[in-house]
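There are 2 protein chains.
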Amino acid sequence: MPQQRGEETRGRILDAALKKFAMAGYDATSVDDICAEAGVSKGAFYHHFPTKQAIFLALMQGWLGMIDMGMEAIRKDTVPESLISMTNLLPGVFAAAENRLPMFLEFWLQASRDETVWKAIIAPYRHYQDFFSKLIQDGMVEGSIKPVDAQVAAQVVVSLAVGLVLQGVLDPHGADWEKTARESMQILMNGLANKTA
Amino acid sequence: MPQQRGEETRGRILDAALKKFAMAGYDATSVDDICAEAGVSKGAFYHHFPTKQAIFLALMQGWLGMIDMGMEAIRKDTVPESLISMTNLLPGVFAAAENRLPMFLEFWLQASRDETVWKAIIAPYRHYQDFFSKLIQDGMVEGSIKPVDAQVAAQVVVSLAVGLVLQGVLDPHGADWEKTARESMQILMNGLANKTA
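Residue numbers (this note's numbering), protein chains in the order written: chain A, 139 to 335; chain B, 139 to 335.
No false leads were mixed into what you were given.
Note that the list lumps identical chains together, so a pair holds whenever it fits in one copy or between two copies.
Listed below are the simulated EDC-like cross-link pairs for lysine to aspartate or glutamate, each with C-alpha atoms no more than 16 Å apart in a straight line:
| no. | residue 1 | residue 2 |
| --- | --- | --- |
| 1 | LYS257 | ASP309 |
| 2 | LYS284 | GLU321 |
| 3 | LYS333 | GLU219 |
| 4 | LYS317 | ASP287 |
| 5 | LYS190 | ASP153 |
| 6 | LYS157 | ASP170 |
| 7 | LYS190 | ASP171 |
| 8 | LYS190 | ASP165 |
| 9 | LYS190 | ASP170 |
| 10 | LYS272 | GLU210 |
Simulated from the structure, these hints should not be mistaken for laboratory data.
Assemble the whole structure, with the sequences as input and the hints as a guide.
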């Protein structure tokens with residue numbers, strides 16, 4: 139089953155790259171290092187990934203894909219309830235981000251110097267911006283959210299989440315981040331939710 | 139006036155380091171590079187800074203000091219008004235952060251591997267957390283802010299600001315960030331401000 143073996147090799151390369159990037163950093167890790175860690179030939183590597191950067195992008199997309207699935211799965215009766223339960227995803231995001239922080243930081247560094255990487259970094263921001271904007275519009279239609287500029291309200295949700303993840307990753311013992319995230323969203327909802335609904 | 143000349147040399151070293159870090163990156167910049175750019179001897183360099191890391195810390199502290207002065211200067215009649223006018227500082231923060239973004243990212247990278255750097259990164263977070271917590275407590279005393287957990291409300295303000303600065307720096311043309319910041323704070327204040335005050 140060559141198809142299955144191909145998938146397995148691709149996964150081994152991704153795991154090896156994640157480990158090497160986290161330990162030694164993105165710049166200091168060569169394709170040779172990744173091949174040695176994964177136990178694959180350079181030919182097999184380049185069959186799956188054209189460049190080291192392509193692995194970086196695949197790892198990021200995998201992480202964002204997990205967050206997406208989690209967000210789609212949590213859909214409660216009303217939009218304010220949905221937004222509050224989404225904060226339950228944050229501990230998992232923190233845990234996954236903690237290992238990958240050095241990698242993401244290096245990625246951002248590259249983004250400030252490389253157009254392809256920049257686009258890959260900006261795309262998920264805009265994706266989450268659209269996701270929450272649509273959710274808030276749904277809330278206004280169902281009457282659970284007050285009339286607001288959905289774009290701006292979505293921006294607040296995204297900024298709050300980004301800020302919380304960043305601080306949670308930098309300072310894991312600085313606060314009970316799960317509780318802080320839930321209560322933060324509650325304060326935001328106090329301003330957004332329609333109490334007469 | 140040796141005192142004055144010392145200050146002038148220190149400033150020249152800081153300017154040279156900022157320029158070099160932004161262009162070539164922190165890791166790739168040596169003390170020799172900074173001395174050449176500043177036109178100072180290595181002796182003069184080490185008279186002012188024990189290590190390259192000390193320069194990094196001084197540059198960050200200088201930037202945070204500017205933000206602090208700005209925040210202290212903007213104090214309006216009520217706490218909600220003060221918080222909304224603080225968003226006027228953000229364009230300046232964006233402008234200063236944009237040049238320094240690669241440097242901060244490298245600094246964060248170091249923080250994930252070095253205890254001294256980590257403490258220097260975490261200190262301002264906790265400082266702003268305390269600043270806004272106290273401001274929100276003042277608001278509850280004056281009656282302009284609803285009874286809330288001041289720690290959590292401060293966390294929301296800090297996370298929102300961090301998230302906005304990060305996105306504004308990454309994607310300067312993705313939104314009108316000044317307007318977005320003001321309207322975001324307004325949405326937050328809808329949940330925090332006491333309308334009966």
